[in-house]
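Student: What follows is the residue order along each chain.
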Amino acid sequence: MTGRADAAITARRRPFILFRGHRPTNPALQSALRHIVVICLLIAILYPIVWMIVASFRPGEEALNGLGLSFSHLTISNYRQGLNGMNFSRFFLNSLFLAVVEIIGTLFSCTLAAYAFARLDFRFRRVLFAILIGALLLPSQVLIVPQYVIFHHLNLVGTYLPLILPHFLGIDAFFIFLNTQFIRGLPRELDDAARIDGCGEIKIFLRVVLPLSLPAVATTAMFMFINSWNDLLGPLLYLSNTSLFTVPQGLTTLLDTTGQSSFGALFAMSTLSLIPVAAFFFTGQKLLVDGIAMTGLK
Amino acid sequence: MKSAGTRRRRRSALLGMTALTAVAALATACSSPGGGSGSVALTKKPTGDITYFWWGDPTRNQKTDAVMNLFEKQYPHVKVNGEEEAFTQYWQKVTVQAAAHDLPCVTQTQSRELLTYTKDNVFMPLNSLISKGYINVSGMPKSILDSGKGEDGQIYMIPYGAAYDGFAYNKTMAQKAGLADPPQGYTWTWFQNWLQQARKKLPAGEYPIDQNGSDADIFISYAESYGYSLFNKSGQLGFPASLLERYWTMWVNWAKDGIALPENLAAQEGSTIQQSYLVQGKVMTEAEPGNQLYDGQIAADSSHVGTLAITTHPFGPKGLGNVVIPSGLSIPASCNNVSAAAAFINFFTNNAAGAKIYASDNGAVTDTNLLNQQLNDPSTNPVVKEELGTYKFIVNHHTPVVLYPPGFENVFETLYPQIFQKVVDGEESVNAGVQSLFAQAKSDLS
Chain A
114 MTGRADAAIT ARRRPFILFR GHRPTNPALQ SALRHIVVIC LLIAILYPIV
164 WMIVASFRPG EEALNGLGLS FSHLTISNYR QGLNGMNFSR FFLNSLFLAV
214 VEIIGTLFSC TLAAYAFARL DFRFRRVLFA ILIGALLLPS QVLIVPQYVI
264 FHHLNLVGTY LPLILPHFLG IDAFFIFLNT QFIRGLPREL DDAARIDGCG
314 EIKIFLRVVL PLSLPAVATT AMFMFINSWN DLLGPLLYLS NTSLFTVPQG
364 LTTLLDTTGQ SSFGALFAMS TLSLIPVAAF FFTGQKLLVD GIAMTGLK
Chain B
4 MKSAGTRRRR RSALLGMTAL TAVAALATAC SSPGGGSGSV ALTKKPTGDI
54 TYFWWGDPTR NQKTDAVMNL FEKQYPHVKV NGEEEAFTQY WQKVTVQAAA
104 HDLPCVTQTQ SRELLTYTKD NVFMPLNSLI SKGYINVSGM PKSILDSGKG
154 EDGQIYMIPY GAAYDGFAYN KTMAQKAGLA DPPQGYTWTW FQNWLQQARK
204 KLPAGEYPID QNGSDADIFI SYAESYGYSL FNKSGQLGFP ASLLERYWTM
254 WVNWAKDGIA LPENLAAQEG STIQQSYLVQ GKVMTEAEPG NQLYDGQIAA
304 DSSHVGTLAI TTHPFGPKGL GNVVIPSGLS IPASCNNVSA AAAFINFFTN
354 NAAGAKIYAS DNGAVTDTNL LNQQLNDPST NPVVKEELGT YKFIVNHHTP
404 VVLYPPGFEN VFETLYPQIF QKVVDGEESV NAGVQSLFAQ AKSDLS
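Respectively, the protein sequence lines represent chains A and B.
Position one of the first sequence corresponds to residue 114 (the numbering used here), numbered consecutively onward.
Position one of the second sequence corresponds to residue 4 (the numbering used here), numbered consecutively onward.
Hints in this document: simulated from the structure, not taken from any laboratory.
Don't take each hint at face value.
[Claimed, not checked] Which bits of chain B does chain A cover? Going by a derived footprint, with three or more residues having C-beta under 8 angstroms, they are:
no., region
1, 102-113
2, 274-283
3, 426-432
Even glycine gets a Cβ: it sits at the ideal position worked out from N, Cα and C.
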C-alpha cells in the first residue's frame, strides 16, 4: 500500500519531459540549451533597441530603410541636429532638474507620511489609510482637468511648479503605501531603544527608521526617476515655453503626423534619453542589493 | 487615559491643519484667473500681448515664427508669443485648456473638431468682428467660410488653410504599368477598372492600392458623391446602411482580388507619410491629404520610387464628393485682448507676404487671390502647385460642408476602422458590421 502511494507521489513529482527518450543528461549540454533559449529571448527583446541605435547613426533619409542593421555609412549628423539644432541639450538638463527635484519631494513627503501611518497612532489613521488605498484605484485621467484648473487659478501654469509641488504634498499614494508596508516590517524594538535614549519621533524617524528604509527609499527614488523622466502629459499641459521643455516633449516635436518628421534625430535623441534611465537603474540596483543585505538586528 | 503630551501634539496638529487650509483658501481667493473676460473695447490699433497656439512640424514652426515676426513689424505694439505642439499632443492640451477656459487668445482648430468647442462658451462667435471690419473674409469662398460655422450658424473659426483628402499615386509606377493618369472627373467605376488593370501589370509584391477601406474620409467623399450627407440635421448618420454595405463590399472584394494590400500588411504601416507604403514603392495608390504630397515626394525621392501625384476622390452619380477640411483660427471667449487676436487672424489669413512665407503649409491658402498668386508664382514648388491646383478644382465644384457633431471622432476615427477591420478579416459579415456601426453610432452621436 505504502509502496503504491510512494510510486504515485513519485509519478506526480516526475518533471514533464518534452522529448521523451531524448532527455539530455549531460549538465553542460543542459546549461548550453538553457543559455541558447535565454539568449534567443534576449535578442528578440533587445533587437528593437539595437535597431534604433543603428538607425540613429544612419543618414536621416535612410533612417527607416528596412529592418536590418545595415547602413551605407555612419554619421553623427542626427546627434548634432538634435543636440544643437533642436536644443535637446537644454531639454536633457530640464528633465534632469525636474527628476531630481521630484525625487526629493517624493522622498520627503512619502517617507514622512509612511512613518506616520506605520508608527504613529492618531485619530482617523485607518480611515485615512483606506482613503490612500482608494486613491490608488483612482485613474489619473480623472484628476487632470481639476488639477489644471487649480493651477490655472493659482497662476502657476507655464512654470515647473505644477509638476514639482504635488510631489512635496504626498500625491504618490503608491510610494506612501510601499514605504508604509516596509516600515511596518521593521522591528519596533529599535524605536523603543531610541526612545529610551531620549529620541523623539523626528529623531527616531531620521536616525533609526530612515536609514533602515533605504531599500524602499531606493525603490521609490528609482521608480520616481523613471516616471519623471518619461512623463509627457504633465509637461505637455503645463509647459509652453520651449526653453522649459523636457526630453519627452522634445521628442514629440520630431514626429508629426501632419508634416515632416525627423526620424534620424528622433532615434538619436531617443538613444541618448535611454542613458540616464539605464545608468540610474544600474546604480540604484546596487543600492537595492546593498540595502537588503543591511540589517539592524545582528 | 491620554497623556498631556499626546493632547498637546493633537492640538498642534489640528492648529497646523487649520492654518494650512486657511492659507490655501486665501491663496485661491486672492489669485486671479489667467484668462480675461474679453470685455475691453475693440480697436484697430491693438496693443499688448497675445499667444498663438498651433500644431506643426519644425518646418511649419519656422514659417509660422516668420509670419509672426512680420505681423509684429506691422503692429509694433503687439507681442505674439508662439506655442506649438505636434498634432496629437496639441489636441490633448487644447482639450484640457478648453475645460479650464484657459485657451490662448489665438487658438488653431480644424473643422472636424470645431463643434466640440462652440459649446459652453469656449470659443467666441466672430460674426461681429467680421461685420465691423476687424477680420476680412471677402476673398474666401463661401463654402470654405461656412466650414467654420457652429450649429447655431455663427462663425467660430476663420479658415486659413484648406486640406483635402485625395488619392496620391505613383506616376512612375503607373506609367511602367502602361496606365494613364486618372483624368479630372473620373468615376468610381473608372477607378475600379484602373486598379484592376494595374493588378494585372504590376509585379508581385506591389499592389494597386493600399488597404484604405478603414479610412473614414474616403467614405465621406463616397457618400457625398452619391448625394448623401454624413450627418443629418439632428447629428445622426445621414446615409443609408445599404450605401455603407456597398462601399465596404467593394474594399473587401479588392482585398480578396489582390487589388488592395492585405490587411495584415496594412496594419504594420506607420502613421507618417515617410512610413507609408506609397513612398516605399509597395503600393501604387494611397489615400493621403493633399498637403502631404510635398513631404511624400521628399520621402519618395530618398527611396527612389518615382514621382508622386495627387488627384481627387472619384466622382459619383451626384458629382464630386470631396470634402475640404480647413484648419483655422479661433478666439476663445476668455481672451483678454480680442483686438490683437482679431488683428493677428486678419493678418494671417490675408497678408500676401505672410502667405508667401507660409506657402500653404497647412493646406491651400483659403483666400482666392492669394491662392492664385501662389499658383502663378514661378517660385512655388511644382509639387505644391499640383496640390493647390487640385484644391482649386475641388473648390470650383460643389464642396460639401460637413458639420461634424461631437462624438464624430469616436464613431468615425475609432469605431469605423475597428469594425471594418473585423469585416475585412472575415470575422464579421459586411451586413453585420454595418448594423453594428449604426447601432453604436446611434448612442455615440446622441
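Student: Each hint: holds or not?
Tutor: Here's how the hints hold up against the structure:
Here's how the region 102-113 of chain B fares: 3 of its residues keep a CB closer than 8 angstroms to some CB of chain A, so the rule of at least three is met and the hint holds. By the rule of at least three residues with a Cβ nearer than 8 angstroms to a Cβ of chain A, the coverage given for the region 274-283 of chain B holds, with 4 such residues. Only residues whose beta carbon comes within less than 8 angstroms of a beta carbon in chain A count, and the region 426-432 of chain B has 0; fewer than three means the coverage is violated.
Hint violations for this structure: number 3 only, all remaining hints satisfied.
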